[in-house]
Amino acid sequence: MNQSEESETQLRSGYENDPKGPLASIQLLSGEPRRKLDARFRWLCVTIAAISVLVLIGLLGSILLQGVPSLSLKLLTSGPEPDPSEAGIRPAIFGTLWVCSLCALFTLPIGVATAILLEEYQPRNRYGRFIYSVIQLNISNLAGVPSVVYGLLGLTAFVSMFGLFGSRTSQGGGGLEIGVRYYDQFFSEGMRSILVPVSDPSQSVSKPVDGMQGIDTSGNPVALKVISIGDPLPIGDELQYTLFDDAEAGRITKKSWYHFSLPLGRGVLTGALTLMLVILPVIIISSQEALRAVPSSLRDGALGLGSTPWQVVWHVTLPSAMPGILTGAILAMSRAIGETAPILIIAGIVYISRAPQNLMDDFTVMPLQIFNWISRPQEEFHSLAAAGIILLLGILLSFNALAVLIRQKLHKPLS
Amino acid sequence: MTSADSLVTPTWRGDLDDRVGKYLGRSQRSLKLVRGQETVIYAMLIASGLFSLLITGAIIYVLAIETIAFFRSDGVTFANFFGSTTWNPLLGGTKSFGIWALVCGTMLVTAIAMLIALPLGLITAIYLSEYAPRRVRNVLKPVLEVLAGVPTVVYGFFALMTITPILQWLHSGFSVYNAASAGIAVGILCLPTVCSLAEDALQAVPRGLREGAYGLGATRFDVSVKVVVPAALSGIISAFLLAIARAVGETMIVALAAGSLAQATLDPRQQVQTMTGFMVQMASGDVSNYGTEYYSMYAVAFTLFIMTLALTMVGNIVRRRFRETYE
Numbered sequence: 010m011n012q013s014e015e016s017e018t019q020l021r022s023g024y025e026n027d028p029k030g031p032l033a034s035i036q037l038l039s040g041e042p043r044r045k046l047d048a049r050f051r052w053l054c055v056t057i058a059a060i061s062v063l064v065l066i067g068l069l070g071s072i073l074l075q076g077v078p079s080l081s082l083k084l085l086t087s088g089p090e091p092d093p094s095e096a097g098i099r100p101a102i103f104g105t106l107w108v109c110s111l112c113a114l115f116t117l118p119i120g121v122a123t124a125i126l127l128e129e130y131q132p133r134n135r136y137g138r139f140i141y142s143v144i145q146l147n148i149s150n151l152a153g154v155p156s157v158v159y160g161l162l163g164l165t166a167f168v169s170m171f172g173l174f175g176s177r178t179s180q181g182g183g184g185l186e187i188g189v190r191y192y193d194q195f196f197s198e199g200m201r202s203i204l205v206p207v208s209d210p211s212q213s214v215s216k217p218v219d220g221m222q223g224i225d226t227s228g229n230p231v232a233l234k235v236i237s238i239g240d241p242l243p244i245g246d247e248l249q250y251t252l253f254d255d256a257e258a259g260r261i262t263k264k265s266w267y268h269f270s271l272p273l274g275r276g277v278l279t280g281a282l283t284l285m286l287v288i289l290p291v292i293i294i295s296s297q298e299a300l301r302a303v304p305s306s307l308r309d310g311a312l313g314l315g316s317t318p319w320q321v322v323w324h325v326t327l328p329s330a331m332p333g334i335l336t337g338a339i340l341a342m343s344r345a346i347g348e349t350a351p352i353l354i355i356a357g358i359v360y361i362s363r364a365p366q367n368l369m370d371d372f373t374v375m376p377l378q379i380f381n382w383i384s385r386p387q388e389e390f391h392s393l394a395a396a397g398i399i400l401l402l403g404i405l406l407s408f409n410a411l412a413v414l415i416r417q418k419l420h421k422p423l424s
Numbered sequence: 005m006t007s008a009d010s011l012v013t014p015t016w017r018g019d020l021d022d023r024v025g026k027y028l029g030r031s032q033r034s035l036k037l038v039r040g041q042e043t044v045i046y047a048m049l050i051a052s053g054l055f056s057l058l059i060t061g062a063i064i065y066v067l068a069i070e071t072i073a074f075f076r077s078d079g080v081t082f083a084n085f086f087g088s089t090t091w092n093p094l095l096g097g098t099k100s101f102g103i104w105a106l107v108c109g110t111m112l113v114t115a116i117a118m119l120i121a122l123p124l125g126l127i128t129a130i131y132l133s134e135y136a137p138r139r140v141r142n143v144l145k146p147v148l149e150v151l152a153g154v155p156t157v158v159y160g161f162f163a164l165m166t167i168t169p170i171l172q173w174l175h176s177g178f179s180v181y182n183a184a185s186a187g188i189a190v191g192i193l194c195l196p197t198v199c200s201l202a203e204d205a206l207q208a209v210p211r212g213l214r215e216g217a218y219g220l221g222a223t224r225f226d227v228s229v230k231v232v233v234p235a236a237l238s239g240i241i242s243a244f245l246l247a248i249a250r251a252v253g254e255t256m257i258v259a260l261a262a263g264s265l266a267q268a269t270l271d272p273r274q275q276v277q278t279m280t281g282f283m284v285q286m287a288s289g290d291v292s293n294y295g296t297e298y299y300s301m302y303a304v305a306f307t308l309f310i311m312t313l314a315l316t317m318v319g320n321i322v323r324r325r326f327r328e329t330y331e
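Chains as they are written, first to last, in our numbering: chain A, 10 to 424; chain B, 5 to 331.
Extracted from the complex, chain A is given alone in its bound form (with noise of 0.2 Å):
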């Protein structure tokens, strides 16, 4: 107390000696270098703004100006062709179609529950708080995976599915199937097809035997006459139906709607999978912060009156989170549009001319008919890439406004 005292009169009295006062030895700084420090970098701040604002503006510009004068109906209606004035993208957009409606059908209900797990379902000792962290941080990794790797799963899980259902052969065949049938089919000396069944397609294609039977081009059964060469050839309908010893037959295969087969192959459903692979962690992470927004007093009133865990969610928590897990859902899907890689990965680039008929068709999206297009030499098909790129930021944009739309209409204060 005492020494205080004396060194507060020294200091004091060092002030007081001081000719210019107890304030000398603070500096002041003029606040102007600061302020123009502070203005420089609002119009650093401002410039580098605009620049994302016109790299935006580049981007459309230079997409529009190379892309409009190939926009034509033609590109709606028309495949792939070699010819670039007659090609156009219909396939694609079918094969986008079905891979992302498929791919919504697998990834919601899966991603939604996760999230409800997570969210809704405190753990309930040490091993379930383990077991939920490491699902969180396992989602959070997933959601940094490349989406080539996904591909790369896809195309040992999910096309070949670890060759544990055997392989295809060349000619079909191999792995389980259903919903499809195998035929060998001959020409006939009358210029007709005839097609013979082929009960096991792993055998080589059958060779012509005198009673054979067969289906003709209106489906009615009739029976083959084989002759060898030499023989004089019959006159009349008989003609139809025969073959010389040597005709050689070619495989061909007619498929249900329903066709579906193990190994899963290159076709849709495979696409559909691994997309889902790559939107999986999206859909969660989206899921649960609506889900997290949900103010609890709404949880407490339910569980108040009664109402077991799962009757909270499914009346209370699920239906004022709707907006924002729709809004979630929404953009993943534009995401799930957009993904090339994986299904690049999958499904190679093949030429598909028709839309997809059955879960295993061979199939190509969008921006893989564009990726294609894109890497061709010839200066018509980057036009034609531009103006399918034109399409697609269309679709992907019209679902960003319809997710907006969705935040603002829905979206009630819930507190």
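Among the clues, some could well be false.
[Said to hold, decoys possible] Okay, the calculated beta carbon distance ranges per label pair:
| hint | chain 1 | residue 1 | chain 2 | residue 2 | range |
| --- | --- | --- | --- | --- | --- |
| 1 | B | Thr43 | A | Pro328 | 19 to 29 Å |
| 2 | B | Val318 | A | Leu73 | 34 to 44 Å |
| 3 | B | Leu94 | A | Pro118 | 41 to 51 Å |
Keep in mind the hints are simulated off the structure, nothing from the lab. Just so it is clear, CB atoms sit at the ideal spot from N, CA and C, and this is done for glycine as well.
Starting from the known structure of chain A, arrange chain B on it as the hints suggest.
Below, chain B without anything else, positioned relative to chain A:
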């Protein structure tokens, strides 16, 4: 009390008794059934939660077995894979699988991308969070959202058709496929990621810190750079790491614009092949399903997976562990 009792007439009471009896005697759902239903639903939720773990397990399993198959095939050695800078899996008799050629290409493209995305993203985030008036925000936010939503194949087109010609016009040394144009496009792609994650981190800094600094006479620049950014540093670093992971794993842009010649070079004017670019080249060509080069795709993917997983994990840990919490 007595007056209330006198008010209750016998018929009234009989009616009430009747109704209470009916209410208590109504058919209720059995508690057992409800509990059973709850248990089934809980089990289904847990199953879907475990599905995400299954995916990770499947990725690691698939990549591991195919990579082992790759190292077992003829002419592949660890020393070659990790020690060589020559990646030549397809052509001729002298096959060489030196992963460093691909890693170097990836690093070059990522470095160029980050030179663009990190500073621009951070400054845009500071602007949005600390400076921008509402009207500017209302323009800038949707622009960034649209940029983030554009498919990567579109950026690839942009790089090949717009950025490369501009670069060639600026300097004649650029080849048709080059690392710089792919890097710039990847940078534009990563910019919204950096910006939105960093802005989230900046927004999480409580207002009190800013008010305190303003009260001491700080300018906006002082507040942003000396108070808000240090307080949000963990979030910003995690945003940077996640953006780097995204750039490393980016596929379609580099497949279109970076070229297909794997070489260890630091010259951004030359063409390079990245790890992802190699996978696309393999998938779009006709390569037999069981050759060494097919398995090499998985070995490359495994390397890529480990790199991005490490970056994402460190990013997530930094964000959680080193977060400054304020009350």
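Going through the hints against the structure:
no. : hint                           : result
1   : B:Thr43 x A:Pro328: 19 to 29 Å : holds, 23 Å
2   : B:Val318 x A:Leu73: 34 to 44 Å : holds, 41 Å
3   : B:Leu94 x A:Pro118: 41 to 51 Å : holds, 43 Å
Of the numbered hints given earlier, the model fails none.
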